[in-house]
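Peer 1: Here's the letter readout for the chains.
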Amino acid sequence: MYSQGYPIKTCPLTALGVDYATETITAEQQALFYSDTTFAPTIDHLLDNFCPFNLATTIYQYHFYKDTQYAIQESV
Amino acid sequence: MHYIEKGVEVLSTLENANALGCIFAHKHDITTYLLENLTPSSYIAYAKICKSFTRHIMHSALDVRMRHLQGMSAPFQNYLEDDQELCDQLAQEEQGEPYDYSPLHSQSHHPIPVHHNILLHVYACKRCHHCHKWGHIRATCPTRPYHRLRLHK
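The listed protein sequences correspond, in order, to chains Y and E. At position 16 of the first sequence (counting the first as 1) the number is 16 in the numbering used here, and the numbers step up by one without a gap. At position 9 of the second sequence (counting the first as 1) the number is 1009 in the numbering used here, and the numbers step up by one without a gap.
Simulated from the structure, these hints should not be mistaken for laboratory data. Misleading hints may appear alongside valid ones.
[To be verified] Which residues of chain Y face chain E? A partial, calculated answer using Cβ under 10 Å:
(1) 4
(2) 6
(3) 8
(4) 10
(5) 11
(6) 14
(7) 18
(8) 20
(9) 24
(10) 35
(11) 38
(12) 40
(13) 43
(14) 55
(15) 64
(16) 66
Ideal Cβ placement from N, Cα and C applies to all residues, glycine included.
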């Protein structure tokens, strides 16, 4: 069977830091990472087609945390 | 509270990875997709955010070497400067008022030739295979309008 007996190596999918100073993301710019904006399908299209998996995963993770946060706030 | 903290943590990771630079490296793809598939209002919302970011971007999402927006090619530079004008056009069209796309109106601001009813920004980084000028494609080249007439006959 394929890969039988071989060790499985995994690593967490997180965005890798760059070796230069980066700009602070403002509250307005954070809207780019929201999943409920009107242009969200475009960002999804970009992440699916052009971005590396680690960056896309991190942004989707941010979607999950924000959506969960808003869902809890609405239910309270 | 747990999810807020986690969200901030992930946002910090995105900041350190220059995620905005990664996204804006594909600014032309985003604009093309927005104008072709979504409503003008979504482009306006995106352009407002995009205008607030004027520092360094990456070569692409896979190549994290930095470049400055000033170092972009001429059509891209015009395309960035004309964002505000495009927003005005789209907002005016959304309100139901037809915008004047006449060449005289546009050529005063754009060095790129204007084709009737076609937004310049869609082809801003394309090069014509007929006249070899930037800003349009062969199908919309203003130097060969006879081509279309012949096709219709």
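Peer 1: Please flag the earlier hints that this structure goes against, numbers listed from lowest up.
Peer 2: 1, 2, 3, 4, 5, 10
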